[in-house]
Amino acid sequence: MKKNNHSTLGKPLHLILAFMMFLVLPSCHDEVTNTYTYKTTIPVYLQMSTVREADIIIEPGKELDNPGKIYIYGDYLLINEPQKGIHILDNSDPAAPKNLNFINIPGNVDLAVNSDILYADNYVDLLSFDISDIRSIKMVGRDEDVFKSMYTNFDTGQIITWKDTVLTSESDRMWGWGGWWGRPEFLAMANDSGRKGGGQSYGQGGSMARFTLMSGHLYAVDQYSLRVFDVTKEDDPTFIKNIELGWGIETIFPFQEKLFIGSNTGMHIYDASIPSDPKKMAEYSHFTACDPVVVNEDYAFVTLRNGVFCRQGVNELQVLDIKDPYNPKLLKAYEMLNPHGLGLAGDFLYVAEGEHGLKSFNVADVMNIDKNQLEFLKSMKSVDIIPGPKSLIVIGPDGVCQFDYSTPSVLKPLSCIQVKNPVIV
Amino acid sequence: MKKILLITLIIYSFLGEAYSQEKTFFSQTEVGASLGKVKADFEGYTTRVNFSFQTLNGVWINKYHATGFLVGVDTYPNLTLMPLGLGWRGFMDKGKRHSLFAGMDLGASSAMLEKREETEWTESWYEGGLFLNPSIGIRRQSKKGKHASVLSIGYKRQEANFYEGSKEIGFSSFRDASLPPGFISVRKEEYVFNSLVLKWGLIF
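For the record, the sequence lines run as chains L and D.
The working numbering puts the first residue of the first sequence at 7, with every later residue one more than the last.
The working numbering puts the first residue of the second sequence at 835, with every later residue one more than the last.
Hints are computed from structural coordinates only; laboratory data are not their basis.
Hints are not guaranteed to be accurate.
Unchecked claim - In silico DSS-like cross-links for lysine-lysine, where the CA-CA straight-line distance does not exceed 27 Å:
id : chain 1 : residue 1 : chain 2 : residue 2
1  : D       : Lys1001   : L       : Lys75
2  : D       : Lys1022   : L       : Lys169
3  : D       : Lys928    : D       : Lys857
4  : L       : Lys396    : L       : Lys426
5  : D       : Lys1001   : L       : Lys169
6  : L       : Lys418    : L       : Lys396
7  : L       : Lys285    : L       : Lys329
8  : L       : Lys426    : D       : Lys857
9  : D       : Lys873    : D       : Lys949
10 : L       : Lys264    : L       : Lys285
11 : L       : Lys75     : L       : Lys377
12 : D       : Lys1001   : L       : Lys384
13 : L       : Lys264    : L       : Lys169
14 : L       : Lys286    : L       : Lys264
15 : L       : Lys154    : L       : Lys68
Just chain D, same shape as in the assembly (with noise of 0.2 Å):
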């Protein structure tokens, strides 16, 4: 997969000198808010709002089309993930100095910035997931064109789980494949998290 990936890279990397663009590199970097309910008690949803940080970097396959790796932090209630995937972006450029863009990004969340807590009792951990967020947007070149400023606005779906076990009391001579060996209860909660990601940021 990885392999499949790179070598797309490579080869768009190429393509992007065959179109002999000003530029090769592609590169955006976003700050925002992602919004979405959530179901906390019983009766019913709150709204949350979460950090949304996201560096794309790749390059240009053509005037058009920009494609690359990204990584990024994103909140969420109780944890904080790590996005890292693959992004597209097209923009509809006609010379202008705005233009509309559309965006999808993809990929899988890390949990790696979640510690895995343990007690003598307990042990609770998180589990990153898959992401997809489409987006649109808006880019406004700067006035040397070096640069230009995005707006977005996009939806967000993103796959998280959270664990926490109880240990084993003593030797159990019960084992049962649902349950991780050494615990004797785990609560599991998967998370899908749909959210509408509002964001700022900069090409370069």
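Next up, chain L with everything else stripped away, as it sits in the complex (with noise of 0.2 Å):
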């Protein structure tokens, strides 16, 4: 054959082969485009004599972008949206809630209502709103330095918020290459650039402020005190104490003249019988923050799932008994697929199944819930449920949606209001 090839074709050949190895061999090699976007925070810097001196403005109705908390005031639901303010819809009709304006605060996070006057924070400010008249909101007071830990000097009121951003690195490296064969080693982690966003939480924006009200006093966490405020006198809260909690606090919810704190590693309990001084009860380790709690009078149902930040390691509905707050005990452990909130309206619990979807219980007997479950809508993808007056609100990817729960063994769907970023499930 060879020899053949040489009388035949030989010389053209070794030419074109030649030729071609001259062409192709040295851009031979290949090109790798090694591009890692990832989200972090980056710290702003702000000075908290100019964020006071801009005017909060009330703004027109706007689209909800990616809602936080969620108040139910009277005929209102008041939304909030982190970091930039306060959406105000006209709820007396849950089919078709109508959004009415905007409230543009920057840095808040929470809100809370009491008789009229809106509470927000703005920043380490607490800003009292009057909205007896919804269509004309006022401004009515402004408590300097509530959220102190925000500042990062605060002699020359500078303070410190984290911004969310994407950032993009690249390299012409194939980095995973090991061998001839295989998938490369999870390397992204290995890639710190610019990673470190001072260990915020995502979609927090740093350092959060929360806070409710119970008996006529104003209860508000940051990460980690608990500060006391008597608001009887409605727009003009006056601060009567701090207290220590310790790191990590995220949550608080008031129950029957008890206060009850989450934090990253458990629960504390404060008895507020005299609110102007709570006086810790309880610590319950073994649920956190990331999981929620409802409770009545005599049962605290709590959900643990397994996820990459609450790794509880069990997908569980846990009933507790807690007649007695000082020494809660475990009832009975419900499996669940991934439950996420939950809420109860008397004898009936909602449980968020995360992309399972939503499920409703009569908890009358608290030793066989399995056994009575109501519904078990799978399509209704949902991370939160909020049993108010007039509906029970539920939020998932298709955003704010309520259910007609009137009768409560069957759902009937009433309105979803658009998000333009839902929740992932």
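With the hints as a guide, bring both chains together as one complex.
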């Protein structure tokens, strides 16, 4: 064959081969573009004096981008847009909520309403608004330096906040190339260029203030302290005292003269029967701030889920006997799929099962909840549930949806408020 | 696009009959090695030798030209791709036992042989891409003329992507178009593999 080749085609073939080698070989290396795109938080420094100079503007209603806390106040829904402000919606007809206006409050993450006065945080300050006429909202007060943990330097008045951003870095190397076969080891974690964002949690934009109202007092928690305000004179909150709690405080909710304060490591319970002087009662360590809890007089219902952040290792609905708040007892745990938030309305419990849907139970008999499942709406993906006086509010990928639950065993869809960036389940 | 290809092929198959060839159908199956250089560390390039298989099935247009669809398997560092496309072969047939030929293959590779890997924290997957593969070679007819063996050398440009993402922790309020939803970070490796491909095969 070779002989034949040489005799017939030898010369041209050799020439062509040589030409091809010449053409191809030098450029014969692989081009690799390595792009690492990551979310991160970058610090933003602000002067509180500048923040305070800026007017708080009441804007016309605008589309919900990514709602945070939802507060039901009479016929209105007050929906926080984290770090941006508060949407006010007219919900007198839950089948057709109307977007009324938006209070532009930079740095706002929480709100509470007490007798027509809306309290909202503005970075380190607490603002009060008169909302007796919802179409003509007026700011009536500013309490300065309520959430001090945001200050980097109290004397110069500089605060630090965190801004979410996406950064990109590039290299031309084939990272995972370890041999001829096989997939590269996971490497993105190794590349830490710029990943460090001060250890802040995502989307919350840094220090979070949380507050709640009970017995004429406003209780505000920031990362490590509980601050008590007397708001019996609504438009003039008076600071009473500061209670150190330890790190990682994330949530606060009141129930029957008790304050449940959730942290990364457990749940603190404070007795607030003397509202101006809450006393520590107990600390449960087996569930944390990332395990949603609802309570009635005798029982606490907690969902524990297995996820990236909340690594409980189980997907369960737990029922705790809290008749003796100093000594809660686990009564029974029910297996769930991936429970997120939950809502309790009388004897009816609604559980958001994440991507699996929404379940409802009759919990009159706490030892047989699994036998009393009423509905399992698999198409209603959900992460949180708020039982309101007129409707059951369900937060999920479809936005903020409302259901008629006057017949608790049969949920009837009423409406969904569209959200630009809905949650992903 | 696909329709046009199909119509072209049908027309070609009629043309094939018009030329009243002995053979209407064309089939070329090849195996070989693809050689390239990859920058795997900061020091420089390492040579890679990978495997390549391809079968092209179609019709003779006339004595000199054949065209058809191709499917194959190519390995690359870390991944295996499945090329799918169109091929053309032109033979300098002077009635002798050996003849030179040139080929051009075009198409896109699928990464369907690579599984999407998912853990609680991460997800990684491959994406195929376009390829271009010009080649030249020699055909040697068997004595009975029923089949022929071929040797070829070619250049193959293959695009592919690798993605690995870290999943979002909890619910984030912050979205950005440059990241797929649900991910906190994504590392994308865009590859253009430039290979010298040496192949041996059979034509029926």
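Hint check:
no.: 1; hint: Lys1001(D) - Lys75(L); in the structure: holds, 24 Å
no.: 2; hint: Lys1022(D) - Lys169(L); in the structure: holds, 24 Å
no.: 3; hint: Lys928(D) - Lys857(D); in the structure: holds, 17 Å
no.: 4; hint: Lys396(L) - Lys426(L); in the structure: holds, 25 Å
no.: 5; hint: Lys1001(D) - Lys169(L); in the structure: holds, 20 Å
no.: 6; hint: Lys418(L) - Lys396(L); in the structure: holds, 12 Å
no.: 7; hint: Lys285(L) - Lys329(L); in the structure: holds, 18 Å
no.: 8; hint: Lys426(L) - Lys857(D); in the structure: violated, 62 Å
no.: 9; hint: Lys873(D) - Lys949(D); in the structure: holds, 25 Å
no.: 10; hint: Lys264(L) - Lys285(L); in the structure: holds, 9 Å
no.: 11; hint: Lys75(L) - Lys377(L); in the structure: violated, 33 Å
no.: 12; hint: Lys1001(D) - Lys384(L); in the structure: holds, 24 Å
no.: 13; hint: Lys264(L) - Lys169(L); in the structure: violated, 35 Å
no.: 14; hint: Lys286(L) - Lys264(L); in the structure: holds, 10 Å
no.: 15; hint: Lys154(L) - Lys68(L); in the structure: violated, 31 Å
Hint compliance for this structure: hints 8, 11, 13, 15 are broken, all remaining hints hold.
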